[in-house]
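Chemist: Read top to bottom, the protein sequences are chains Z and A.
With the numbering used here applied, the first sequence covers 1 to 814.
With the numbering used here applied, the second sequence covers 1 to 201.
A couple of the hints might just be wrong.
Per the computed footprint, the stretches of chain Z lying under chain A, defined by three or more beta-carbons under 8 angstroms from a beta-carbon of chain A, are [stated by the list, open to error]:
1. 119 to 132
2. 331 to 339
3. 414 to 424
4. 598 to 606
5. 618 to 626
6. 690 to 702
Covered stretches of chain A, as calculated for chain Z (at least 3 residues, CB under 8 angstroms) [claimed, not checked]:
7. 111 to 122
8. 130 to 137
Derived DEER-like restraints, expressed as beta-carbon distance ranges [as the list claims (entries may be wrong)]:
9. Glu194(A) x Leu600(Z): 22 to 30 angstroms
10. Ala498(Z) x Val193(A): 18 to 26 angstroms
11. Val193(A) x His68(Z): 36 to 44 angstroms
12. Ala226(Z) x Glu194(A): 20 to 28 angstroms
13. Glu194(A) x Ser521(Z): 41 to 49 angstroms
14. Glu194(A) x Glu691(Z): 48 to 56 angstroms
15. Glu194(A) x Leu415(Z): 17 to 25 angstroms
By construction, these hints were calculated from the structure, which means they are not laboratory data.
Note that the Cβ used here is the ideal one computed from N, Cα and C, for glycine as well.
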Amino acid sequence: MAISSVIPCHRSSLLGLLFLAAAPVTLAGPGFIESSRVFATGTGADIEVAFNCKTQYLRHEPQGAGDHLRIYLDPTSICNGVSPLVASSRSVLRPLGSDQAQLADLEYDGDSAGGPVLTLTFTEPVTCTVDMSSVAFKLVVHVLPLATQTAPPEVRPTVEHRQVPRPRTAEPDYVINLASFRRVPTAADAARLQPTADQRVYYSEAEVNGSTWYRLRLGNFKTADAATSALAALQADFPGAWIDQLMADSAAIELVVDTQEMPGEPGGPVGDETRVDLLMADARKAMAAGDVSRAVQIYTKVLRLPEHSRLPEAQEYLALAREKNGQTAHAKAEYQRYLSLYPNSEGAARVSQRLAALLASGRRTGNPVGPGSTADSKPSSRPSNWRMQTFFSQYYRRDSNQQNNQDEIVSQSALYSDVNFDARRRGDRFDFSSRLSLGYRNDFLDEGVGSGNETRVSYAYADLADARTGLRGRIGRQSRNTGGVLGRFDGLNLGYQAGERVLVNAVFGKPAYSATDGIDSARTFYGASVNYGPILGDLEVGAFFIQQDIEGMEDRQAVGAEFRYFGTNQSIWGLIDYDTLYEELGSAFLQASWRFANRLTLHGSIDRRHSPFLSTGNALIGQPVTDFANLMEIYPEDEIRQLGMDRSPLSTTVTLGLSHSLTPKLQINADINQTSVDASPESGGVFATPETSYTYFATSLVASSLIKEGDVTIFGLRHSNSDTTNVFSLTLDSRFPFGRTWRVNPRLRVDRRESLADSGDEWLYTPGIRVQYRRGQRFRIELEAGKQFAQRESANADLDRESFFFNLGYQVFF
Amino acid sequence: MTSEILRSSYSKACWLSAVIAISLLGGCSSSGAFIATRFDPVTAVTITYSQTPLMFYRDESGRAAYARDYVYMGPVEVNRSGTYRYYLWFGIWNTMQDATTADARDGFEAVVVFADGEPLPLEISGWTPAAIGASESVYMKPVASAADAYYEVTVDQLRIIAEAQDVRMQPSGPQERFYEPWDDQTSAKACLVEFLASSVY
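Build out the structure end to end from the sequences listed, making use of the hints.
Modeler: Structural data, given as structure tokens:
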């Protein structure tokens, strides 16, 4: 017997449950939900959800309109290639085309207190009709926006369908589904194909949601690898192609057609244009009726059709429809796409104006436009071309510790406030942007106890780009990581895009290695760099020169290069910096990964550099003066350079690692690392330092969905030893999602430290928890708390210590 | 001893030669394609992804000039019998020796990507390939200790990122932690554009 239900007063419609009979047989995916799709209909949209296990519909709520729909289910143990245990899993999905149904997401929770429930969340209140046979693999939710409700349709009987088990062959062939059509494919659709003698081109029929689809296919392939190789070659002509498994019995519903035997395209190109005209007229009607979701769907379809004369028009109207639908970001992207595709079209100026108005109106266009609105409606206030964005966060942090039952000492009690402010203006020729990123620490501890109040300026710059000349300039506090620049600086960076592959940069400024630093009055640098790529496929290379002075003396002068290559199974990244002042290798870094066929990836890196980075200014280290000008009064220039060299010992770090996917839900990673720092000589009153080394071995096991769908547990072991200490560490870190808004992260770390100096032995236990709550898309609250218990035993004295840490804060952006 | 060897001119030349040779070797082995597609025989999904991920970094130059946190970001299309889903993969790692694999994940349950100032809030779908229905990692991790993270997105979100002049990201957490784009990523941007051009949207 079929069960159907209507919210609030609609009657059910026939559910065409031909899932197994007509759909291609595929391996089941992970999780309870096999697939979900959204189809636009004349009045709304249908959301189709397919399950991996046959399921009994129980009830749904609410019975009236709402922005949530909960459907209670009772899964059976009849499943398609998955364990029935998947019915107790949890998954959150957002089907392709969700916007057409005002669907934010759909969530299945098989472990809910009220029993397995499928929850659909909509971006606005809607009415829904739920169609499902009593026990089935699929349900369909018909969504009708409140604004477009009409008289209830006639009741149609719901038909119960039976699943007919079909034997599967042991080793199925593979086929490539080139494209799907609502019409019978023609020879023209396969014109670009060049099948080999043992391949066939044919089409099959499939019933999806009551509609007949014709699938143009190429086959057969004996192995998945062969199909994958062929698919790669076909992607250019058939971008939506996918691989399917072909069971022996599926041929019974297939009609094999040779390309030469396919019927010709009725009407040829004229037919395409006619179809475009019909679709455009349909979309315009939908727009006029306020059914902008439907219009979006149609315009998108028009844009997918082969080259035709109304593409610019469809592109513009798609942007407009999305704007009317409240999809500001999407509308912006569509307008920008129009301007990039048709910059010289007659509509370019008009689209530019709409884009500018959209950017200016900002979030005011975020509300959906109701029915009856016209395409020409204007923002309510005078538009501006500026766009502002603010990000704000505040966190309170408290750290305290206690030794041997003595009084608790609070080492930190401070409120950290951070704000990031962006202002942008995008014009026809010039793009302007500016950014101010500030932080402030409000220390609640007494002066001399805490670190004190502190202001941080991470970024404060203005940026101007000229699209016509390819020039770009940025002035203020900013950050660079290439071109020999070592991070944050105050200054000017000029760029020039000289052709598609060549980018030239010039930079001038003063380093600001810490956000709490003011402008460095002693150091000044300038440099130039050029980047070229991609070449030889995916390789990018760059070279630079940089000169930095300190109080009129050369601080650092270097040339260097960078290259990056990412391949399918190999990647390599290298940086080299040669100091021409000291005639020394300043730094060299090489990192490579290599993936093998058995899910094993090997990693290796070598990093050799002076630490700290080689510069004359390092001569200040260990000196009684803090100002370089004063140092110049004490030592001659040559001696200062030697001091700078002596205080910059070479360090070498070599890391080898591997990562391996044991199963899709279980990964293992392992690293071994050795770092050594060369000895430094005694000079300038600073003692010599011996050579030191540090080695660690670390491994971690990452497992997902152990307890509930979406969780992850990381189990880590680590052993490190240095010249003074051996440390063994164990970490256990789990992260659980609860519903859509809560995340909980309990963790435990246990360390055992062996001191080689006094044979001391220390155990540290650090349990902790992080909790995150999200309200809406723009507000988050986070809590982190933990305690560390330390017990140290040595020949001299025993020590018990407890530390407590606590963070509570929020983030908001608007 | 090692130091002396590296200080010699001969050794410096060897370093440079090795770097150039390896780079050319890498280049020659390249297919030149911006996107790659592969069939996962275990889960029967077809996966398309960008050949070169975008690189982001967080400047830690206050600690050391070379100290950085990194995030690699690449798009993924998962095609399950004609049902398409889109994800962003993050490869999260850093140069800090004391950081653990678990710590690297902190704050990445919820990330905001800012594309030309437009905030795109992303919620984690999962930390292993199982989250997207794949049997192994789509992208290669840069180091073994890197954390994989997958976020479900729409094609429109990917398009906004691809068309933005300025993209950065902010994970949650008690610190201001903006990840800025690595300079001059022509290949990665071209790959993302090509990925979108090939998508079924």
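Chemist: Taking the hints in turn, state whether each one holds.
Modeler: Now the hints, each set against the structure:
{"no.": "1", "hint": "119 to 132", "in the structure": "violated (count 0)"}
{"no.": "2", "hint": "331 to 339", "in the structure": "holds (count 4)"}
{"no.": "3", "hint": "414 to 424", "in the structure": "holds (count 5)"}
{"no.": "4", "hint": "598 to 606", "in the structure": "holds (count 4)"}
{"no.": "5", "hint": "618 to 626", "in the structure": "violated (count 0)"}
{"no.": "6", "hint": "690 to 702", "in the structure": "holds (count 5)"}
{"no.": "7", "hint": "111 to 122", "in the structure": "holds (count 8)"}
{"no.": "8", "hint": "130 to 137", "in the structure": "holds (count 7)"}
{"no.": "9", "hint": "Glu194(A) x Leu600(Z): 22 to 30 angstroms", "in the structure": "holds (28 angstroms)"}
{"no.": "10", "hint": "Ala498(Z) x Val193(A): 18 to 26 angstroms", "in the structure": "holds (20 angstroms)"}
{"no.": "11", "hint": "Val193(A) x His68(Z): 36 to 44 angstroms", "in the structure": "holds (37 angstroms)"}
{"no.": "12", "hint": "Ala226(Z) x Glu194(A): 20 to 28 angstroms", "in the structure": "holds (25 angstroms)"}
{"no.": "13", "hint": "Glu194(A) x Ser521(Z): 41 to 49 angstroms", "in the structure": "holds (47 angstroms)"}
{"no.": "14", "hint": "Glu194(A) x Glu691(Z): 48 to 56 angstroms", "in the structure": "holds (49 angstroms)"}
{"no.": "15", "hint": "Glu194(A) x Leu415(Z): 17 to 25 angstroms", "in the structure": "violated (46 angstroms)"}
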